[in-house]
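Protein chains in written order, with this note's numbering: chain A, 1 to 254; chain B, 1 to 335.
Note that these hints are calculated values from the structure, not bench results. Accuracy of the hints is not assured; some may be wrong.
[Claimed, not checked] Each computed EDC-like pair below joins lysine to aspartate or glutamate, with the alpha-carbon atoms no more than 20 Å apart: (1) B:2 with A:197; (2) B:2 with A:62; (3) A:29 with A:176; (4) A:72 with B:222; (5) A:72 with A:132.
As the structure is a computational prediction, the values presented were derived from the model and not from experiment.
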Amino acid sequence: MSLKLSGATVTLEGAHLLNAVSFEVLPGKLVGLLGPNGAGKTTAVRALLGLQPLSAGSAQLDGQPAESLSAKQRALRVSYLPQARKLAWPIGVREAVALGRFAYGGPMGRLAPTDAAAIEEALARCSLLGFEDRAVTSLSGGELARVHLARALASQAPALIADEPTAALDPGHSFDVLATLQAQARSGHAVLVVLHDLALAARFCDEIILLNQGKLVVQAPPVQALTSQTLADVYGVSATWNAGHLTISGRTAP
Amino acid sequence: MKVQNHATALTLLLVVLSGLALLASSLIGVTPLPLARLLAALVGVGDTQAELIIWDIRLPRAFAAFLVGMALAGSGAALQGLLRNPLAEPGVLGVSAMSSLFATITIYWGFVQLSPWMLPLASIFGALLATGLVALVAPRVQSVVTLVLVGVGISSLAGAFMSLLLNLAPNPFTLSDMMNWMMGSVANRSIEDLLLAAPFLLAGTLALGVAAPGLRALTLGEEAASAIGLEVGRSRLWVVLGTGLLTGAAVSIAGAVGFVGIIAPHVVRPFVGHDPTRTLLPAALLGGLVLVLADLIARLAPTGQELKLGVVAALIGAPIFIWIAVRRRALEADQ
């Protein structure tokens, strides 16, 4: 299962949100999608999923055009965690995670024993055992992020896309989320994660896709992609690599 | 906060209570009759007068209240699930008002004489128009408050046209006929009236049945719901169609009856784990039960003029609506 954008262009009211962007996410890789605010990260993700109409180029999920897939077919191929994550009702944690199996449900939304097993496994992997009956609205930010991650894992789709899963999380919880995503990639899944934290991305990701102003800057392993020069050009920050760790020291002089 | 799910037990309880309430309203009435005569008539071995009172007057009226309550509360629960908003309801969103406006128009210009189907069809058209409009606007305005305001606007617009019709009513008969629709009542409903609405009630129920599992997915928001495999647009269409048919049919039976659609789902939700899909059936049953009881109050209240069902429902419902709205703000402030 691979995720692929070829020459994807999205134009909205004359502005290029994406400008001929091509990249590919292969199975077994944890790929970080980075870029300053407004670089087109979320647009790229939505284009990849066929949710954002393209004015040129194509998006392919496992060789099939993304926009030709039904919502259900797409859900069986890719599990997607969008940014807005507030739940409308105080449903239970287990039920929220069970929604990850929605695409497998019968006509009345009934779930089979294999679904229950997948849900149990996802709950365990995200250390949510003991939380099953808690209302999602009573959880802390870190716990809620784990619930959403568990929901994505429960779908057992071969690919996973997460849009800023670490937003509003403290460093400890961010590490947990990235470690879980890394484990998912190691087990053969294609994982694309939108991140803002450069050091975190450098530490966990196998590859970095860097976008700036709707254009692809580079797709490469972190050490090659996030060079001091590139980071100064794209983010306007000065950064140094030290024994495999990236340190951001401040804003570059204008 | 622990989440509990007693959906099955609650549904069974409500079925039993509804049965008892329907039985009670067939036995209690303005004309006092001995219980033995009534019970005999109920099982078909009584005298003609008692049978007439039970089968032609009290039961159709009680069932009308029950069906209207079910339709409105079911519609409310479905709209709340779709719009992820506990204040959404056919009355609040202007669906009932639009529907009764179209019903009133058919009465005003005498279209009802053309065919008995005119009234339900016009009511449903009005209801679909309003639900369609709300569903069209809803994805654009993310704010709950804006959506409710749009509903208030639709309601006021329908109300203004209604006042215009009242203003221009040619004679007192038309006037009192139209007042009936505006206030909401199930007095003097016959089996025929119910049968006329039945196909639409059935179709609406089926449409909501198709939409039901998707409401659970919509808890995550539209983008995430689509990501887990829900065709959001199709879901929206089924809910609009279902609530349009149900509300329209309810209005064609009883005129505009407000607030049932907001109270019943609100009461039911904590007992079914707040799941919008599991809320539907028990909420509909509770809505039916509430209106049967409200109609009993309307019938038995010692007033010179018989109270209208819609008036009783609003008197009970509006304060509860305010309470829910205020509490909701408190909840939002917590987050």
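Now for the hints, and whether the structure bears them out:
no., hint, result
1, B:2 with A:197, "violated (35 Å)"
2, B:2 with A:62, "violated (41 Å)"
3, A:29 with A:176, "holds (18 Å)"
4, A:72 with B:222, "holds (14 Å)"
5, A:72 with A:132, "violated (26 Å)"
Hint compliance for this structure: hints 1, 2, 5 are broken, all remaining hints hold.
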